[in-house]
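Number of protein chains: 2
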Amino acid sequence: MGYKSDIEIAREAKKKPIQEIGDKLGIPHEHLLPYGHDKAKVSQDYINSVQGNKDGKLILVTAINPTPAGEGKTTTTVGLGDGLNRIGKKAMVCIREASLGPNFGMKGGAAGGGYAQVVPMEDMNLHFTGDFHAITSAHSLLAAMIDNHIYWGNELEIDIRRVVWRRVVDMNDRALRQITASLGGVSNGFPRETGYDITVASEVMAILCLATDLKDLQRRLGDMIVAYRRDKSPVFARDIKADGAMTVLLKDAMQPNLVQTLENNPAFVHGGPFANIAHGCNSVMATSTALKLSDYVVTEAGFGADLGAEKFMNIKCRKAGLAPSVIVVVATVRAMKMNGGVAKADLGPENVEAVRKGCPNLGRHIENMKGFGVPVVVAINHFVHDTDAEVEAVKAYVRELGSEAIVSRHWELGSEGAVDLATRVAEVADGDSANFSPIYPDDMPLFEKIETIAKRIYRADEVLADQKIRTQLKEWEAGGYGNLPICMAKTQYSFTTDPTRRGAPTGFGVPVREVRLSAGAGFVVVICGEVMTMPGLPSVPSAENIRLNDAGEIEGLS
Amino acid sequence: MGYKSDIEIAREAKKKPIQEIGDKLGIPHEHLLPYGHDKAKVSQDYINSVQGNKDGKLILVTAINPTPAGEGKTTTTVGLGDGLNRIGKKAMVCIREASLGPNFGMKGGAAGGGYAQVVPMEDMNLHFTGDFHAITSAHSLLAAMIDNHIYWGNELEIDIRRVVWRRVVDMNDRALRQITASLGGVSNGFPRETGYDITVASEVMAILCLATDLKDLQRRLGDMIVAYRRDKSPVFARDIKADGAMTVLLKDAMQPNLVQTLENNPAFVHGGPFANIAHGCNSVMATSTALKLSDYVVTEAGFGADLGAEKFMNIKCRKAGLAPSVIVVVATVRAMKMNGGVAKADLGPENVEAVRKGCPNLGRHIENMKGFGVPVVVAINHFVHDTDAEVEAVKAYVRELGSEAIVSRHWELGSEGAVDLATRVAEVADGDSANFSPIYPDDMPLFEKIETIAKRIYRADEVLADQKIRTQLKEWEAGGYGNLPICMAKTQYSFTTDPTRRGAPTGFGVPVREVRLSAGAGFVVVICGEVMTMPGLPSVPSAENIRLNDAGEIEGLS
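Chains as they are written, first to last, in my numbering: chain A, 6 to 563; chain B, 6 to 563.
Rather than coming from a laboratory, the hints here were simulated on the basis of the structure. Since the structure is predicted, the reported quantities are computational estimates derived from the model, not experimental observations. Hints should not be assumed to be uniformly reliable.
Identical chains share a label here; the pair holds if one copy fits it or two copies do between them.
Claimed, not checked - Straight line, CA to CA, 20 angstroms or less: simulated SDA-like cross-link-like pairs of lysine to any residue:
id : residue 1 : residue 2
1  : K9        : E467
2  : K237      : D435
3  : K94       : G376
4  : K256      : E560
5  : K21       : H36
6  : K297      : P33
7  : K21       : P33
8  : K19       : E127
9  : K95       : D425
All chains should be modelled from the sequences, with the hints used to inform the complete structure.
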């Protein structure tokens, strides 16, 4: 039996005009700023007008540590949203926007899959409503203004060896990782080393996703540290006088983008910060607005629960005053098998023993999520070849932990396949049993915050860091940054910093390689292991096969 | 008496929903792809459906050599369009999109001025409908794919010293003019020198503006030369397999953008190639479509008539099969005075003698335009302090040449001030006296084409070029590029290559410094003097004063 590809299903979608989708949320047409017939931004005036509304329930979808088998976190987020609507709830979905660059390398879209997708899928994987281009522009303007300031006399006394503001482009371009700029003589400035990151790694992206309004956006942009003087005192974007113009460039990008699921339910797709050096979830603007417009908001966080959900709660929820009512941890039978030691090529045959062996990875995530005071439901994202015995093994394991695992077939069946999951999730949310709290207080010293995450979430024995790093953290505390939360950057494939250690490992330390201050976004980035902020293209990039066919349809995008 | 600023007037505009503007052209709402409530792209399906319509009359607005006094070419284009509509004609305007980067340096918008503007002015000076971002993305993808090809083994045997495809960004960033990329070791590639131009200088921009449809776009993108081998044989974008994905990235950018004038008349604002290394006029797609949708299409070309109009005719009209019915040469009393030797600071008092002395600049442009077989009307773009005697001096001069100069007060009065101009222009267009022809044939040798332009348009005695340049032209002729038109890049301030020589100079040569082949755009660029393809920011960039005010309005953009 043949299954249709995601893009085939997406193309067959019976999309409704975006105004009709807005109608479901009660948004008057004049407050929807359309981009084509199937995308729209919600006006700031309308967002202001609904601030008195009661908040809906926030549902976070997270997952076990990702494996090459795929977990389907976005797919489950979309399926659950459609499922809630199917059982008569007023629900919407909030997910991230996709980065343009990686589409030309290997990966396809980030809009769900099967019969649980958000559309228009192709637009979402291309320019969409231009938000990321606006971020690239704002970031580039600041970069140009810094070098321009140096060129015209350097009144701020920037040490050109200590300009920390790099440049960005939304493209996988390894040739730009490290460059020497301002070459060519007097009229081009003072030569210095710098480099490019991909746009989603820009601090501007993190700020856009955490800012609560345009004023907060401008304040945060101004707070960014762009360089240091010889005496190591920081130079801020505000000193460069770039914050006002950057805000103007980001004005429209701040407004959430409304699109629809295949079942014509509303979805916000807005913002897309890196899940390593940033917090990896969609914008506060979108989530907060969705909570004012619907009774249930289903959102997701990047990577596994140890990274994505931890940051969702300790950074986004803490700073935005959000609190999830229930957490859905997505697992698959295949991923359990891989965590149980099976190679990807051998996932085919039934292997209940391997499923059981892999379950402790799931178990630890469940415990961790409960540690935030939030009830957990496990969603088994069903693959068509999963056997009943394998599924039952996961269910039994979760039952022993005092939670419940529910099979969901949204990929194959859309909302019809997600009714059980939606019903249970709504029940738990309505039970109001959550008592959310971040796992460390604002006023804990920075290094202790890192230790708290490493020990309570990863179950490490210790955090290893050079004196230089500890001193740096102390200096930031002295500089008034001690109250910031921590943004961990480590591999998503393991609780440890070693991507090959699947399951639920113990007896390890977490080595900290580097710490960075994102003073505008408002967190301290703690880097444990390699972090790649500018990907490269593979030897045969997917771009070679992306083209318009004779019918004018896009081929090869996903 | 105080006059309102352009931005104040634009903010007070009583804009109509873009669908109503489309109604005036008969475009069904489903074929208008809206971007907000006041901008829309016209669908390709609709454009295909009107190909059987009769073409309207094409009216080109050009100008004398620009002076710091300002001529108001775009303002006159918009005013004339509104004037034609006021006298009952079905007319529309086609102008270029503005580049983002320069707005943060010095210049304000490119949307006209006074009561002859296109709106939404602020959007047009920011991201607009994202066309330029799409061009930047497509250009960047090709750049990344070239270095990626080299990184993975360089099967095409590209000489890394001869990669001619630079990178672009839509920002004034002099630090990027010359860089060394791919530094940092094995994983980042092979270090080489390269640099950035501003996006409007990209060959992709020129191609987008000359392509007749998406197939033609892809073919031209594939034809671009991106590098040479050690044996100097060219490597094309097609060899890199980037043309398909670039076309996908440019799919929406190819569709013309519909906006409106302050008087709610339709305008296409689409494309914006550099007027030096490219041809400097709006897209063929927009102009051709406008001709199918209205009876009169008013468009403009960059810089003065010696550069902009010459290229409009010899490149755009030749290649797209367009033919203007009438040419409007814009002059101002102030610019005549400057051409007559008056400094900008001394433009205040009446000076009829200086006006007369400056008129030969206008006279030469009139003769040149007639040389293309097209009748000319001179528009005196009226400034409120121009005296009657000064205006009469210009009129008398033009009358002696057998043409007619008409005062137009659109800046001050909108269409009401442009009725005389519109009436006369429509009469001339309707008279069908034009017999348009480019001034050199396709099969003339490249160097002779350059000489033809220099002698017939600039009135130079000779073209000076090293043997190296002449040999290069011969090589291109041998390579099959001999039939291409010439794209001159010289100062816009003079008929000569010396920007200080105003008026109608004689007795000079035109030195050619460099020639470049734009094989995809389909022209040979001939560079005479300095050409800056990446501007810098001034010591106090206007970005420092651009911000949102408390009402959420943009301050400082213009």
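Verification of the hints:
For the homomeric pair K9 and E467, neither the shortest alpha-carbon distance inside one copy (48 angstroms) nor that between copies (67 angstroms) is at most 20 angstroms. Taking the closest pair of Cα atoms, K237 and D435 never come within 20 angstroms of each other, the shortest separation being 52 angstroms inside a single copy and 72 angstroms across copies. Taking identical chains as interchangeable, the C-alpha atoms of K94 and G376 are never at most 20 angstroms apart, the minima being 28 angstroms within one chain and 73 angstroms between chains. Taking the closest pair of Cα atoms, K256 and E560 come within 20 angstroms of each other only across two copies (13 angstroms); inside a single copy the shortest separation is 33 angstroms, beyond that limit.
Taking CA atoms no more than 20 angstroms apart as the test, K21 paired with H36 passes in both settings, with 18 angstroms inside one copy and 16 angstroms between copies. For the identical chains of this complex, K297 and P33 are intra-copy neighbours only, at 15 angstroms inside a copy versus 35 angstroms across copies, given an alpha-carbon limit of 20 angstroms. In this assembly of identical chains, K21 and P33 lie within 20 angstroms of each other by CA distance both inside one copy and across copies; the values are 16 angstroms within and 18 angstroms between. Proximity of K19 to E127 under the C-alpha cut-off of 20 angstroms is restricted to the intra-copy arrangement: shortest distance 15 angstroms within a copy versus 35 angstroms between copies.
In this homomeric assembly, K95 and D425 come within 20 angstroms of each other (Cα to Cα) only inside a single copy, at 17 angstroms, whereas the closest approach across copies is 61 angstroms.
Checked against the numbered hints given earlier, the structure breaks hints 1, 2 and 3 and satisfies all the rest.
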